[in-house]
Each structure stands twice: as C-alpha cells, then as structure tokens.
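Protein chains in written order, with my numbering: chain A, 1 to 1001; chain B, 1 to 107; chain C, 1 to 183.
If you're looking for bench data, these hints aren't it; they were derived computationally from the structure.
Accuracy of the hints is not assured; some may be wrong.
[Stated by the list, open to error] Facing chain C, according to a computed beta carbon distance under 7 Å, are these residues of chain A, among others:
id, residue
1, 168
2, 264
3, 265
4, 648
5, 652
6, 749
7, 751
8, 763
9, 824
10, 830
11, 918
[Stated by the list, open to error] Below, simulated DSS-like cross-link-like pairs (lysine-lysine); rule was C-alpha separation at most 27 Å, straight line:
id, chain 1, residue 1, chain 2, residue 2
12, B, 86, A, 893
13, B, 104, B, 49
14, B, 86, C, 33
15, A, 893, B, 27
16, B, 49, A, 428
17, C, 94, A, 699
These numbers were taken from a predicted model, which means no experiment stands behind them.
In this text, a Cβ means the ideal position worked out from N, Cα and C, and glycines have one as well.
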Amino acid sequence: MSTRLSRGGRLIDRSQAQEFTFNGRRLRGFAGDTLASALLSNDQVLVGRSFKYHRPRGIVASGAEEPNAIMNMGAGGRFEPNQRATTTELFAGLTATSQNHWPSLEFDIGVVNNWLARFLPGGFYYKTFMYPRAAWKHVFEPIIRKSAGLGRAPKEQDGDRYEHAYAFCDVLVAGGGIAGLQAALTAAAAGKRVMLLEQTAQWGGRAPVDGVEIDGAPSDTWVNAAIAALGKMPNVTLRLRCMVAGVYDHGYVLADEKIADHTPGDGRPRHRLWRIRAGKIVAATGAIERPLSFAGNDVPGVMLASAVRDYVVNFGVSAGDRTVVVTNNDDAYRTAIVLAEAGLAVPCIVDARPSVTGDLPARARALGIRVETGKAIASVKGTKRVTGVALCMQEGEGAVLEHIACEAVAMSGGWSPVVHLWSHCGGKLTWDAAQGYFAPDATRPPTGHDGAAMVVAVGAANGAFGVSAVLDDVQAGMRTAGNGSGVETPARRKEDAFKTTEIQPVWIMPQGAGIKLKAKMWLDYQNDVKVSDVQLAAREGYESVEHTKRYTTLGMATDQGKLSNINGLAILADALNAAIPQVGTTTFRPPYTPVPFGALAGESRGDIFQPLRRTPMHEWHEQHGAYFEPVGLWRRPYCFPRGGENHAQAVVREVDNTRGSLGILDASTLGKLIVKGPDAGRFLDMLYTGVMSTLPIGKCRYGLMCNENGFLSDDGVVARIDEDTWLCHTTSGGADRIHAHMEDWLQCEWWDWQVYTANVTEQYAQVAIVGPNARKMLEKIGGMDVSKEALPFMSWADGVLGGFPVRIYRISFSGELSYEITVPASLGLAFWQACHTAGVEFGAMPYGTEALHVMRAEKGFIMIGDETDGTVIPQDLNLAWAISKKKQDYLGKRGQERSFLVRADRWKLAGFETLDGTVVPDGAYILAEGVNDNGQRNTQGRVTSTYYSPTLKRGIALGLVLGGLDRIGDVVSFNTVTGGKLEARVVDPVFYDKDGAKQNV
Amino acid sequence: MLILECPYCGVMADETELSPGYEAHLKRFGPGSSDQEFEDYMFARKNPKGVHFERWRHAYGCGKWFLAARDTATLEVFGTYPAQSKAPPMALQDKIRARRPDWKGFA
Amino acid sequence: MSDPVSALGQMSYHGFAMVQEIGPLGMISLRAKPDVAGLVEVIWSVIGTALPTQRRIEVAGDTAIAWMSPDEYLLILPYDQTGPALAALAAALKSQHYLAVAVSDARAVFRITGVKADQVIAKLAPVDLDSMAVDEVRRTRVAQVAAAFWREGDGFTLVCFRSVAVYVMGLLTHSAMEGSELR
C-alpha cells in the first residue's frame, strides 16, 4: 500500500483537502500535492500502460523526468493529453484519466502484445516494412495506426487563452535551486539585469528535501532569505512555474510559464510563452537520478530513490510500508534514512558495490538498516504492483540468494546532470567515467553573436554535487561568465566533512545477466525498450547512437529519454565494445519538456490568428452580404449574392450588370507606389520592360516588371504625376513586395541614383466606376469634367467630385468605360456610399473580384498569378508590345535572352472555347500524342484561367499552348479530373470587343 | 534566432524584424554578358562553412538593407555595415582575420 | 464633404491598461537627407522643432517629427494641417531632392495608457522597453504586422497601417486583458 503518513509533508496543507477524480473515481488530496503524490496517497500505484506491450506502469519519478504517469487531464475545452502527474499541481475538481489502455486500466486487452513480445523486438516497425511487401499495407500499418499515439487528441477548441511576452536580460538563470539562487544573487549584486526562472512552484530545488544546511541553518531558511533579497532588487525578475524550454541562437530563450494550470477558469491566460533575449544563460538545472537496469524494474512500485524520498518529505506520502533500496552510490542511503525516520520499514539496502564505508551508510546502519553489499536484484515479484524482490550477487548471473517481501523498490544508479540547455545550441559534453555521466565541457561552450560563451552550467547541472561543491562551482562559473563574484559564498554545510564511497557505475544488474533477465530490464518505460532490444540493434548493425535510437525508439517517447538515455548508451557501448564517449549522445533538442501548442501560438488564434487587411469599405461589404476571398492578406468581396442567388449566379449578374449598365468595385487594395526624383524615370525604365521616362505628365501607361531571371513578376498602370514623380500601380497582393523590390535596387545597386519611393497604397480608397453608364453617373455627382475630351482613356486628373478630393484614372481592366477614382481612405466609405446613391438611377451594383476576373479574361487581359507562375516571360503571353526594343537594359532583359527562353517551341498564350460550351477544369493540361519516359501522357499546354463567360454564354479559357496564336482554329483536348477529355478550339485570347471600342468612348 | 545590429538605425534587431537577402557583394551582369557570367551572377552562390557576407533588410524597422559578416558555423557576427559598400570595410576585414586566422580573405 | 473617419471610430478598451484608437491624425512621410538645404528651416516653421536625431522624436505641442531612417521622417500634426504643411515643404524644398506625401489616412493610431501600458507592448514587440529612451521612436513589429511607437504621457502612442487596425486593436485588447499582467 502506498499511503499518506500521519505527519510530515513540507509542501502540503493538511487543512485544505482537495477532491479530484482519477478514471472517474473520486479521490482526496491536499493543497500542495502534485497529482502524483495525491494518487500515491490513495494507493493508486498503477497509473498507466506502456506504449507497445501495454505493461502496467506506476509512478517512477517526482518531477519532469517522469515517463509513466502521463495523463489525460481535464475535459472538454480544457482536455489535454500526455500531462505528467508528477508536475501537475493538484487543485479541487481536477479530473484525470490514465492513457493507453482498453477497456480499462486494470484489465487491458493490449497487454496481449506483452505475450507476443518476442514478435515485437527492437526495430519491429522497420522490419514490418521489409517483407512480405504486402504485409505492411494490409496487416501491419492498420494495426500500428490503431495502437499508435499515447493520449487522445482533444476534440474541442481549446477553452483557454495564451500569450507571448518578450523579455531582455543580461543574465538568465534557469533553475531555482541553491545553484540558481546563488547565481542570481551573484549576477544581481554585480548590477546585471537578471531573470531567475524555476519550473516548479517552489524555490530551493532538492536541498530542503535532502536536509542540506547552509550558514548553519536549514537550507529552507537560506532559500527564503535569498528570495527575499532578490525580490527587493529592481534588476531581478523572479518567476515560478516557468520552464526554460530551449536555448537558441544568439541567446534567444523560450520559457513556458504555467500561469493557470492549477487554477483553471480564473480568467488568467493558461500559459505564457516568454521569448527572452539573454546576454548569458546560467543553466542551474540540477541533475536527474538514473534508474538501474534489473529484471522487473518496470513493475509499479519500483521508483527512483530520490522520488521515494520526495514523496515522504514533501508530501508525507509513503510508496509502501516496506521499501527495498537498491543502489550503486551513497545518495540513495538518504532515502533509507528518511524512510526509517518516518517510521517505515527498509528491509534491506542492496548495494552493488563490494564494500561501503561512508558516513551516510554508517548512519543507515546505525538506524538498524540491513546493508547488503556486492548484491543485486535478480528479479522483482508482482505484476501490477511490487510484492517483493529476489537478491543475487552483482558479480554473478542472477542465481537467487533470498526473497524479500516489500511494496516498493527505491533505486538509484547515480545522478546525471541536466545538460539540455547547455547542449541545445551546441555545447559539448565530456564523459566522467568515475561518476558515470556526461557533463558540460567548459572548454567547448555554445557561443553567441559575439563569439563568446553564452551558456554557463553551474551546480549539479555542471556535475557539482553536494552544497559546498555547488556553491564553489557557482562562484567559479559566474566569474568566468564575467558576472561578478562580489557576493560572499555562504558558509559550508555540515555534510562538508562527509566521507563517501565512490559511486560504481552499474549498467546492468547483475552484471552477468542472461538474455531472459535482460529481456525484462526496461530502459525506456514509456516506449517499452529493454536492454535486450538495444543489444539486438547493435547485433543488427546499428552502431550509430542516432540510428539505434530510431530503430529501437529508445528515448523517443514524450519524456525524451530523460531517464533512459545514459543507461541505453552504456548498454550500446558495451554491445559495441566501445567506450561510452565514443558512442556519444543523441542530440538534445528543445523543448526540455513539452510546451502546449496553445502557448506556442500565443495570441495568434481566432480573430487575430492572422492580420486580415480591410479596406475602408470592408464593413459596408459585410453589411451587404459580400462573400469574401483572400487576396494576399486582404479580404476582398468575391461577389455580393442577392436574394437566393448562389455565388455563380451572383457573378453572372454582376458581369451582366456591369457590361450592361454600371458596376462599382472596391479597388482600394490596388498597390500604389510613388517614385520621385531626378533619376526616377531612368529607374522606372530599368524596372519596367517598357519605357516610363517618356510618359507625358497626366498620362497612364501599362507596364510589366520582371525579375532578373526574366520571368514576369508584376504588372500595372503607371501614371506620370509631374516632372519627377510617377505613381506605379501594382497588383493587389504585390504592393509591399514591389516596394521592397524597388528599395532593394535603389539601396543596393543604384545607390547613387536620386530616387525616393513611398508606398501610399493605404492612403487612398479606390473605387472603380465601370460600365456604359459610368460617365453619366459621375456627371450626376458633378464637379469635374469627365468627358472623353477632358479626360481621355489612359489619362488622369485631380479634382473635386461631389465635394470629395479625388484623382480619377481613365483606365479599364474590364474593357468597359471605366473610371478608377481615389479618395483619402478616411473618406473612402463616404465616397463609396455617395457613388451607390448616385448610381441608383443608372442601375449601379457593386461587383466583386470574380466578376472582375471574368471580365478581364473576356478581354484577354493577363492576371499575375494566373497566367504567370514564376516560369513565364512576357513574350510567352504575347506581350512583346510592352517590351522596349530600344532600351539597352532592364531587369530581366539578359535573362530573357537565354537560349531556352527564346526557343520557338515555348508554350504561348492563346484563348480556348470548348466545343460543347462547358468550362475547362482548373489546372487542366492540353494533351499531346504519346507518353514520356515515365509512362505519363505527353502534354502541349495548360489552362491558366478558365471561366464561364456570361457575355459569350459559354466556357472560355486562357492557356499556354505549343505554337500559341499560330494554333488558332485547331481543336485541342484538355484532360479532366475523371480521366476524360474536353475538346476546345484555339481562339484569339481577346474574346470581347477586340478593338477596344467600349473602353475608349 | 539571430540578432544583428542595423548600421542605419543602431537597433540590435531581432531576426523577426529582418528579412534575409542572401549573399552580398554580387556583381550584376546584364545584357552583353556571357552565359557563364550571367549564370554565375544568378545562380552560383558561395556556401562556405565559416566566414560569409550576407544581405539583410531591417524590414520591420527602418527599411534599410545592410550587410553582415557572419560565421555560418558558429553564427558569430563579426560586424554589419551599410549596403552601399563595394567590399567589407578594412577594419572589419582585419577583425575577421584576427578572429579567424585561416580565413582566405574577401574575394 | 464628409468628415474624415479614422479606421476604428475611436474604439477603446479598458483592461489593466487602457487602449484607445485615436485619430484621424495628420501625418506626412518625408523622405530627405538631413542636410538638404532648407529642411531644418521648414521643419522649424511647420513643426516647431529641430530635426530629430537617430530614432528620436521631437515634440512641440500638437506637432511632432520622428526620425524613421537616415533619409525618412514622419511629421505629425493636426489632420487638417497636412495640406498647408505639404505646400510649405514643397515651397521650401522646391529644387531639392525629397519626397513628401500625406499618409494620415494610411495609418491607424492607438494610445496605450496606464502604469502598466508597457506590459501590453512587451507582449507584442521584440523590443527591450527598459532600454528605450524617453524620446525614442521604435519601428518594429507587433505580432505579425509593422508598427512604430513612442512614449507619450502616461503610456505609448502606437502607429500601424490602417488596413490592419482591427487586427492591432485585437492584439492590444488581448494583451491588456485583466489577469494577464506581467508584474
């Protein structure tokens, strides 16, 4: 039985009981409990099932390293899978369910995999790929898919909110134990801006649990004083529940702050992702105890010695009445002592070392605890919970010497520094053979933007164990990090004089164990990787640790191998007959523990997922039933359905109405760039394929822009404003890109040219008044002469129209009589409404982008992004007329001279009319005879724009076809999605008003 | 995620304020250039492990393009300088040489 | 003629800081190098201050001028004074290389006020506010869009593009919600 003790528990408040449910059972814990301690206090030893064999799993650890006790937490909009019970603070009303079992935790069908274990060896997944070939698709994949994944995916939208926050500091200290606190005190005293982040809800780390004394007082006292001192300093920021997730280039650090995990629904954000830029990062992240590899080390009740100690000291919870301690080092004796002092039984300390003489063992012995040296655990009895252990000689093969009944086993294979933050950005490690761990190599640190070390590891994270060593290490580390040593190091603790027996690395127990025992020694509890699996991988030729990891899935579970990695490496090294440092480690990657997607997304969800750009008339469009489509980040009305119209019907009506009487378009998104200066004309002549320098003031000219490859990049009408000022229209999505393109060439290539640019796209609302009644409507509004004589096609004029200061461009993208009118954006809505009011008697209707597209296609006008895809040059689109033959140079000219771009057999623009009047499918290809080397049908062209034309009352298309306009009259076949063909006649791409009579009236 | 000091506005800019522009100090080849010259200009990019010169734009800041000398392996930034430079400033080249004695020099 | 309408009609939000869309505010984007003849004088006459140095803003009552880049300034003035100011610039800089355009309508302007106003910005912009000078203008991004801000009174004035005013209001609202104070 694991249970709550009648006294003790430094973190719990026994006056505050808190009810929670686990798998639907109502249980009770106390404020200050973790879910794990609360479960243990209710004798919930079995907390989950493993991934592959569905073996029963119990709580192993007491912190972030926990591999087994991972839960589905919460419900509905607060449901979250894969949460570690050991790091979940208990609150009243918490609901948790165990994972990876069916139909129930106690009775699980999947455990059948356990009996099939010999068919699911290491590399099982990879082997299923190999043979028989059909088996993967029909047998293995369906089974694996069904059993894959740990927790369930949430089904509802996350009910919480999240946010990011940026922070800057000179020194970021990760970890609020003794080392972190002392590092923060040191840096703060040196006047540095300090952030001290601790992942748990308490300061002090392990020291208070381990009975450490500093300056002659319990470490709690010192910790409280340190926090009080730091809290008063304006240059220090302290954050609890804030896990440093990763260290990135140039001192960039991400930290996940759990604000309201333990107070759900209190109105605060659940998590906050801190995006920190730190001058120096101090990794005071402590160490994690290693398990020992003995047969049955995965049976619920086998726990880390430190965890057993934590549960007693912090929470007043015992893992069992009788606990056998198994160890290869002195530290685990603290657990035995704590248990004995709490009145619990420690039937035996099983120590693999041949002789043990230190002070801690002496204290244990003095308490009457039996210490068996040179011994090992041969096996653990029990399935869903420990009932006992069998002892054997560590040096032997596992012959059982005796059985000892117990409910818990506290194991310790030594401690491994948490080197993640040191390693994330390339800090190198050295192998300490005596202690059996990798520690930061101070001579090969990760470096920052200035080439200097950006991380310093201190304390246990740097391999310094014991408070004296820790404090000395902090002082040395902070001095090398250039962050002062002005703080007096506290006096030594009483354990300074402790005599210890050296740790003896033990990678399997007993050392001569045969295959039967090794197949029961778990390395990775969550992913079910055993000693035998790693050895098999080595035999099968997986010599690289990175390969072995993926082949066996060792360390690939949600705990990322915090417990298993070093033991696995040691086993692999042994199997390969290599030294551990030669085998090396796998790569430490952020985050240290999982960060919720919600925290990473921060504020970016819902209405502010993305910045949607709105024109000044956007709300009017919404009020008038517009159906919107994205154009870059803009949202533009696609059409304005009326009555019961579907979108297609609305588009037909809008086209017919515009061509028949009057259409009004919100064209505000059109890019507008001012280019001014003595060299502006020369500059534009380089940017456009045509000549803009000769454009007369007051006139407009269509222009094409190419990139240096010669491919068409943007198009638009350019207006000459005055002697040294032009206004360049760009495509709606292109304004920022083309403005950047201009600035790039001006700043980086022609920096001696006197040209300034300004992007004034959003300064103006732009309204297109289109159709045969356009002039009549403007004349009714009144204020400007909009006659053909005063304002001819392809000219512009400034004036006042109906009281609005406007600029009118006589340009047309529809082929109709058209005026594009700009007003200051803050008058845009009023002007738009004025146009609709004035337009009533002329049959005015708003139209959307689809009608615009249909009308431009009917006119054979190209659209960037439809007719172009980054591989099309203007010549392909029969736009040679817009390319100057006289200019020596323009961007893209040299590119267009390349042999493959001047070939006669390039696909060129033509129009297409289907023989049966239907619409060519989007993306269709024009079929050619035969097949290519891959057995695919040859092609001779493709559709680029395809619409139903209300004007022609049939399907029309623009496309690129071999031979281009020379093919007019030919009948070609487009493929269809269903594998059929659609015949179409090649025609002139200008389907409507070929000589432009309508727009030029 | 890098930080680079914009030489125009003096801001130590987070990479998220910047947009990249790839290799610096390219010489443009236009009409009249050979196929080889044009190909090199368009496509032949250095990809050194070590000292490299790059274009960056302080896109969310002052909008100016600048150049940066950076070690592509360690990410050490040797310095930034205005885009209106035909070659890295001598002082910067000296600094790089001091930091990377095996550097072949600016070519 | 109708009155000019700002992007959000002076929408406001009261969280742990107050957010208020203001405007319309007159703004002129001026591209010119600081040594252009006549520039200093015309800025004195139009704005009433000296030219700002790198990343600084000079304020004189309801007019101000901010340094935006080595050859760009932002003039801030009452909305109806942009026309006369542009005319004054045109007259003074007639033969010089410069570009001045009104951008009043292309922008949305927000005031973020209160003792914790800085925390609202700290959630959105990769900017070290503690190292920002009192009279400094910072051009940066807030979440996914470009913005500029400076300290003014008991808070900040923040300028962004008009088309994303709804988005920025959403960002500021989210960031200023009660219960999410950073300190």
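Going through the hints against the structure:
With its C-beta approaching chain C no nearer than about 4 Å, residue 168(A) sits inside the 7 Å limit, and its interface hint holds. At a threshold of 7 Å, the smallest CB-CB gap from residue 264(A) to chain C is about 13 Å, leaving the interface hint violated. For residue 265(A), the suggested interface contact is broken, since its CB lies about 11 Å from the closest CB of chain C, more than 7 Å. Interface restraint check for residue 648(A): the shortest CB-CB distance to chain C comes to about 29 Å, outside 7 Å, so the restraint is violated.
A least Cβ separation of about 30 Å between residue 652(A) and chain C goes past the 7 Å threshold, and the interface hint is therefore violated. Annotation: residue 749(A) was flagged as interfacial toward chain C, and the flag is violated, the nearest CB pair being 17 Å apart, outside 7 Å. With a cut of 7 Å, the hint placing residue 751(A) at the interface with chain C is violated, because the nearest CB-to-CB distance is about 11 Å. With a least beta-carbon distance of about 4 Å to chain C, the hint placing residue 763(A) at the interface is held under the 7 Å criterion.
Interface hint status for residue 824(A): upheld, as the beta-carbon distance to the closest one in chain C is roughly 4 Å, under 7 Å. Contact between residue 830(A) and chain C, as hinted, is supported at the beta carbon level, the nearest pair being about 4 Å apart and thus within 7 Å. At its closest, the beta carbon of residue 918(A) sits 39 Å from a beta carbon of chain C; the interface hint therefore is violated under the 7 Å criterion. Our distance criterion of 27 Å between C-alpha atoms is met by residue 86(B) and residue 893(A), whose separation comes to about 24 Å.
Between residue 104(B) and residue 49(B), the direct Cα distance comes to roughly 12 Å. Compliance with the 27 Å bound is thereby established for this hinted pair. In summary, the hint linking residue 86(B) to residue 33(C) is supported, as the alpha carbons are separated by about 22 Å, within the 27 Å threshold. Of the supplied pair hints, the one linking residue 893(A) and residue 27(B) holds, its CA atoms being roughly 16 Å apart against a limit of 27 Å. A distance of roughly 19 Å separates the Cα atoms of residue 49(B) and residue 428(A); the hinted pair therefore holds under the 27 Å criterion.
Distance check on the hinted pair: residue 94(C) and residue 699(A) sit about 23 Å apart at the alpha-carbon level, within 27 Å; holds.
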